[in-house]
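In the order they appear, the protein sequences are chains L and F.
Take the first sequence: its position 20, counted from the start at 1, is 20 in our numbering, and no numbers get skipped.
Take the second sequence: its position 344, counted from the start at 1, is 344 in our numbering, and no numbers get skipped.
A few of these clues could be false.
Said to hold, decoys possible - Only some residues are given here: those of chain L computed to face chain F with a beta carbon under 7 Å:
hint, residue
1, ARG183
2, VAL286
3, VAL300
It is worth saying that the hints were derived from the structure and are not from the lab.
Every residue, glycine too, gets a C-beta built ideally from N, C-alpha and C.
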Amino acid sequence: MAIEQNNNKRTDITLGPLLFHWDEDKARDFYYKIADEAPVDKVYIGEVVCSKRAPFHAKYIPDAIERLQSAGKEVILSTLQLVMNNRELNEIRDTAGFADDMMIEANDLSAVNLLAGKPHSIGTFVNIYNIGTLKVFEQMGAKNICLPGELPASSIRTLAGAANDSNIEVYVFGRLPLAISARCYHARAHNLQKDNCQYVCGLDSDGMNVNTISGQPFLAANGLQTMSQTCCELSGEIDELQSFGVSGLRLSPHDVDMVKVSSIYRDIADSKIDKTEARTKLEEEVDFAEFSNGFYHGIVGKDDVNSVA
Amino acid sequence: MINDNKKADDKTSDNKTKERLEIVCPAGTPAALEVAVNSGADAVYTGFRNETNARNFPGLNFSPKELATSVEFAHANGSKVFVAINTFPKADNQELWHQSIDDAVAANVDAIILADIGLLDYASNKHPDARLHLSVQASASNAEAINFFNKTFGVKRVVLPRVLTIPEIKKLNSEIDVETEIFAFGGLCVMAEGRCSLSSYITGESPNMNGVCSPASHVRYEKEGSKMVSKLNDFTINEFEKFETAGYPTLCKGRFSTDENDPTYLFEEPTSLNVIEMIPELVDAGVLALKIEGRQRSKAYVKEVVQNFRSAVDSFYDGNDIINDLGNLAEGQRGTSGAYVKKWQ
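So here's chain L without its partners, still in its complex pose (with noise of 0.2 Å):
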């Protein structure tokens, strides 16, 4: 299915990197799938969190890279959020290799550092919080950026206005990444330790949720990555996103029907149904979790303004 020819205004729907550690057949029926039949214009693919996943990941990246790109979807190589040795590093300087082929999403300086120069995407795990710095990184070659999750809907105003040379993207969906660490809590849960971890992270597709001792929904794990336990979700914010000039809306894969939910965010932003409807649409698809919109707010991350007011 030939997605539309874009005129300027129209807003891309992305797909964010698979933050999740699936298995290999899951993962290529997953982007297959994306392929052909979600209205998404750009996919980033490539293992962010844990570099020992990545091997897997390997076995079906090429495929799904060559089925996307057949069916018109621009691709993005994304790459590793922390990057500890020099094993990690080796990763990025060869996926840097593919600069002059494909764009490569920069989730750490070390990548920036390689793709300087060249035409180059900024994701959401690398901190650009103002004007200044978003500027810097437009010099350096950056074309697309996607912003930090925990930036109020100010901020985005200010810097999708300020933005001439780079697309601003918008992490509108899914369980958001807080924070990322050394230590593997997948591992520690199953009280292993993450050289010999037997790829625990595997069981929780959408990622284990950790509770307070009261029971209070806390926050969830993912390997080396603590995530949002709500999944963030901001269809009632299209609108206003795209009068600050935002380009893109980010969906992070999650392991719901993504076809559909892809096709909730592509009607809202073209305006085909309305807040309550998509809100409505998505409440019916997503299970894993309660739906939060507090960062874009600036209040509490966690709350979510639709169910307060």
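Dock chain F against the given chain L, drawing on the hints supplied.
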């Protein structure tokens, strides 16, 4: 292809392995700075009394005038003063941060500790002679990232994120032309610093945006039956029996359950980092400076920790045994070597 970093300052690389290990101490007030200097600090780090620094706590930090006076005192007594301006400016309000950089330069400080790339750009252009250190909040954990900051902004020293083992630090030091400073004692972030928004997710305020983590304004202790419960914005972080000391509810150091497991210290126990016994390995790994955490701590605490580290470093260079007498000052009276030892991960 590795970028060409040849223009990196060779002066630092020649000196860094020859110089004596430097003790960098915290000071939340001018009085604490005096104590740190008198206790043997080679350098003292401070912050301004506003949201430009990551210890933006009530009653803490320096006015520009206090800083200038403190710098004079430190210099007269052979110590250096660094200023941390290590939060990330708001999107359209960078002036406070720029003014703070200008104030730090005017106060004649020995280095400015920065994390935000926009601020590094500002400082390196406006004050090309100022010595810039890279804050741990910039999360530069590898040679490419560190060389980027050196090449682009002339950063002379990097405070390493608490994610690396000592062998990794040693390897790193062989590949960079920048001094390395590591956290040696005190509070232990288990997440890569500067890349953590857990606090704003739970409380609305974060280190990057507000200079605070698990802020005291959101903390409550409540009695529930025989237990004392510590809460952060109504979330239970931990609970304590009568005989236990109720620790501060830093949100990553509580007890949490998963859908399958009973509550455990899932992220980290309430422990403190302490590397005093690892000084020989750290020197061998090329580390130039040891940083003691705790600008929010009392003068008595600063004095005791600094004296212990002074004595340990001097003992090392004199060929004597290092004595670790800091156990009683650690959080939960427990010390850890954190990520510096691989099994922690």
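* To do: Of all the hints given earlier, name the ones this structure violates by number, lowest first.
  => 2
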